[in-house]
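K.L.:
Chains as they are written, first to last, in my numbering: chain B, 933 to 1140; chain G, 47 to 235.
Quick caveat, the hints were computed from the structure, so don't treat them as lab data. Hints are not guaranteed to be accurate.
[To be verified] The calculated DSS-like cross-link candidates involving lysine-lysine, where the alpha carbons are at most 30 Å apart (straight line), are:
| hint | chain 1 | residue 1 | chain 2 | residue 2 |
| --- | --- | --- | --- | --- |
| 1 | B | K1000 | G | K52 |
| 2 | G | K52 | B | K1035 |
| 3 | G | K52 | B | K1060 |
Each chain, letter by letter, is given below.
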Amino acid sequence: MKLVRLRYTKWYQLLSRGIFKENPIYAMALGICSALAVTNRVENAIAMGVGVTFVLIMSSASTSLIRKFIPGRVRMVTYMVLISTFVIAFQLVLQAFFFDLSKSLGAYTGLIITNCIVMGRAEAFAVKNPVHFSVIDALANGLGYTFTLLALSIVREILAFGTLLGFQVTPDGWTNWVVMAMAPGAFFVMAIYMWIMRTIAKLDQEGA
Amino acid sequence: MLEQVKMILFVMILGVAAATILIGTDSYTSTIIQENQELSLKSTILDAFEIAYEEGTIIDIYDQSIVEEAVEGYTFYTTSEGYVGYEIEGTGLWGPIEGFLALETDLVTIKSIRISYNEETPGLGGVVAEKWYLDKYRGKQFSPEIIIKKDADMSKINEVDAITGATNTSTAFQLLLNENYQQRKEVLQ
């Protein structure tokens, strides 16, 4: 009984939409760039997922907080300023307190600024909704993004390096599929993944 | 008119707020970041010379065992055993590659290389920073220069295997090693 009611609460709907039905990557085809680039190892996928989720939550919360004051004509500039401020602050904090992690993420943290999902959620949701819903929406989309990255990177790391999070998982004599670590491999895995997920989520039903 | 004034005011306030956050974070973190970078450089140098240290003793051990020397605009680092090293830097495929190279006492044989920063593709070009790969350079000589190629003849004194699937990074790394050495060659001798 409780479970049935749970399904009709707004936050549940927001979560399930962001993670599953309207997943930013396979349903909306946003953030594909970074999803292709960093998914050759699970470790990178996790770090990138955490970074994007953090920036999403911060930028959605702040956009939502000042939504009544943002003049329509400069709203894009506003998102851009907010997002880049948080990304740079995030980078500085990483360098100060998690120096090793910041080195291995190197170029990727800067890429968060250009991730369409962050700006997409600000424009599509945060600017029209109260703070608490915006944060849940941002969290859901961040998780949806992270799960997709994880799924892709698990397949790619096993095939490309025979490892999972750096540990050997394939039998001896396994030949690494080098192509899986490179861009073409990323496209193949991404396409197959989108096909499977869009079928499960019933996104491509004709006449629907 | 009023709307435009509001807009300009909003943008100004937003700019000031963003700048405040950034200046605040920067002033809070900049000294810590500097210390981190200094520690990172010193530990890279100690690693390259294969001097053992622990997390808390990097600066002490470094001060005891390494002498910094500036000659003709180049900084050299020497140990009491007579090993000489220098910082290497150059362009990789996607961004800068930085690190440290230690030479044996004959000044042409590589003792070891450590890479402290790179932006190459993790798992492909990024292998350039991994210890097992850099260990292949041990004992190789700049005579006349290091050659990095596929299926290298490891018995030759100046040939090293390229990184699988990362030809461009390998080529860039070869150029970087040779250029950094050539620049300093005369000063070294």
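K.L.:
Take the hints in turn and mark each one as holding or not.
P.N.:
Quick rundown of the hints versus the structure:
1. B:K1000 <-> G:K52: holds, 13 Å
2. G:K52 <-> B:K1035: It is violated: about 42 Å lies between the C-alpha atoms, which goes past 30 Å.
3. G:K52 <-> B:K1060: Measuring from Cα to Cα gives roughly 20 Å; hence the hint holds.
Figure legend: structure checked against the earlier numbered hints; the only hint not met is number 2.
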